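Residue strings, one per chain:
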Amino acid sequence: MSAAARSLPRLTPTRLVVAVACAIAAAFVAIPLVVLATHTSPGALRQALSDPVVLDALRVSLVTTAISLCLVVGVGTPLGVALARGRFPGRTLLDALVGLPLVLPPVVAGLALLLAFSPSGPLGQALQPLGVRVPLTEAAVVLSQCFVAGPFYVYAVTAGLSGVDRSVEEVATTLRATPWHVFRTVTLPLIRPAVAYGVVLSGARALGEFGATITVAGNLQGRTQTMPTAIYVAFERDPDGAVALAVILAVVSFALLLGVRGLHLARAAV
Amino acid sequence: MSAGCTWPAPRYDLVGLAARLAAHAGTLQLDAALTAEPGRPVALIGANAAGKTTLLRCLAGLHTPDGGRISVDGEVWFDSDARIDRPAHRRAVGVVPQHGVLFPHLDVEQNVAYGLRAARVPRAEAQRRSRNALERYGLVALARRRPEALSGGERQRVALARATVLDPSLLLLDEPLSALDAASRTAVRASLRDLLRERSACTVLVTHDARDALELAAHAVVLEAGRVVQEGAPAELAQRPRSAPVAALMGQNWLPGTATAHDGEVWSIDSGALRIVAVADTQEPPTVGAPAFVLVDPRDVTLHREHPEGSAQNVVHARVSGLVDVGGPLRVTLDSRPALVVEVTARAVAQLGIATGAPVWASFKATAARAFA
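In order, the protein sequence lines correspond to chains D and S. Adding 17 to a residue's 1-based position in the first sequence gives its number in this note's numbering. Adding 63 to a residue's 1-based position in the second sequence gives its number in this note's numbering.
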């Protein structure tokens, strides 16, 4: 095969369909983002970044997303293992329950959380003796994010685990490795790509969470106002400022995505 | 054994492996007893789904038996009556699974050292021992390679080094040579034989290839549908198989038929479309008119391109139906009734132009055929 033939493959009907699909997908994602970027200016961005409201929203978004991710990973990992590997009554039911927030509109999720955690709700009443009040606090923001973002992580973990060859783990147990040691030194390294994928998906979902957050946590600057809720509020009185905020959020999200991917690649290379 | 001499009841010896197990896996019902002495490797032979791997997994602690007892060097690993079931990581076992199953995310040295780290062997000693293992298996140059960059034979050596680095009391090998091509199989089989000879602990290896059993094991146990059907020295099993499956597993031609006539020691046996002239077995000679079978070693059969003129009493004309290279001589199957297996060198195959479908003449002397009742 000549070099020219390799660089320009023959156009078959299959390749044509694939090429058109790729082009549509790329244009569909790229064009709105480029238009968004062209609707703002360096000046508007600089102005937005010096606005205490914007800085507060950015801080609340990043801090709550970080806390949510820690909770999601901490609870979601053992949950994912139980769902993928466990044999217990109600496993199928639990599996469906975990995925429920994926199909639930976020506003509905927010309403459900609000009723459950309101002072008259069952969870609100349970927390009252401890002096904990959830609605309209930072805790409500974290709760909303965990609720909607958690399933993405759990399902990524279960998908990763279903691809692990059990005989590799079995060999490890015959080499004096306790179950926990096997998980740490064999299973976890093997599902690392899936875990990284889950972190990216659920992190992005948490960072962009809007519907549930505004319902349970409200929109208090410096406390519960996140970037998405700030954009929503800004859009009503200052559309140009909203665009600047949107660009900032898009850039932060993209940076996080690249960061996690870079971290994953660096680890894989070790 | 003289009359009146009573032996003590079989005891679970202080040295070696003693196991009696009942287990099930899928439709298989396993019910078998197995013993192994240090330094005398035991081969578990059987067809697919005979229960070999299930038995091995029970010994390793990867499959829970329904009942029975396993003891190794006096330590009880499993006892259903005493409710003892040591988890795999607390058994001094080394397993070489089929296809090696290396840790894909670790390099060769990390694979070999895995058990040392899991067992919390002090760092300096662990380093020394893993270095020794790498040297012993010729893996030093490959220490930094990842499993995906290794050949089948290299993978198998890493799996062996990894399984033996902790000096297990019981080494279990599941089809250690099946994943290899014919050329590397012969080489790995030879090095495995040397290794097993110098090991002073117990070894159980699963195989469906008689040659592995003959070369690697001191004792062979034949499993069929979860039960032990025959056991003994591998050469003895090849010489005196008790059933057609055992003969087939040991690579022997087992030709069932009827004894029709005899002239002294020389018998005529009608087997399928063949009339075989064979010499009677001294211990179990056939009787006229009764069912009998003839045993022929595939190495004693000669192949010809044309009808042979010679002293061989048995001459068969057939087509080649199969040609298998398992390392060493090639096994040629003929479509005669009953089918005959012949072992010939690759050189002979080339010279005779043997290929599937080719017509050939096969011959063997009456003295190479033994007639049993």
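Hint data in this document are derived by calculation from the structure and do not stem from the laboratory. A portion of the hints provided could be inaccurate.
To spell it out: a stretch of chain S is covered by chain D in this simulated footprint if at least three of its residues, at any positions, have a beta carbon under 8 Å from a beta carbon of chain D; those stretches are [unchecked claim]: (1) 154-162; (2) 178-191; (3) 410-422.
Which chain D residues face chain S? A few, computed with CB under 8 Å, are given here [what the hints assert, rightly or not]: (4) 187; (5) 206; (6) 207.
Computed from a predicted structure; not experimentally measured. The beta-carbon is built from N, C-alpha and C at its ideal position, and this holds for glycine as well.
Okay, the hints, checked on the actual structure:
Counting residues of the stretch 154-162 of chain S whose beta carbon lies closer than 8 Å to any beta carbon of chain D gives 5, which reaches the threshold of three, so the coverage claim holds. Given a C-beta distance limit of less than 8 Å, the hint that chain D covers the stretch 178-191 of chain S holds, as 4 residues qualify and 3 suffice. Counting residues of the stretch 410-422 of chain S whose CB lies closer than 8 Å to any CB of chain D gives 0, which falls below the minimum of 3, so the coverage claim is violated. Interface hint status for residue 187(D): upheld, as the beta-carbon distance to the closest one in chain S is roughly 5 Å, under 8 Å.
A distance limit of 8 Å between C-beta atoms decides the matter here; for residue 206(D) the minimum to chain S is near 5 Å, and the interface restraint holds. For residue 207(D), the suggested interface contact is upheld, since its CB lies about 6 Å from the closest CB of chain S, less than 8 Å.
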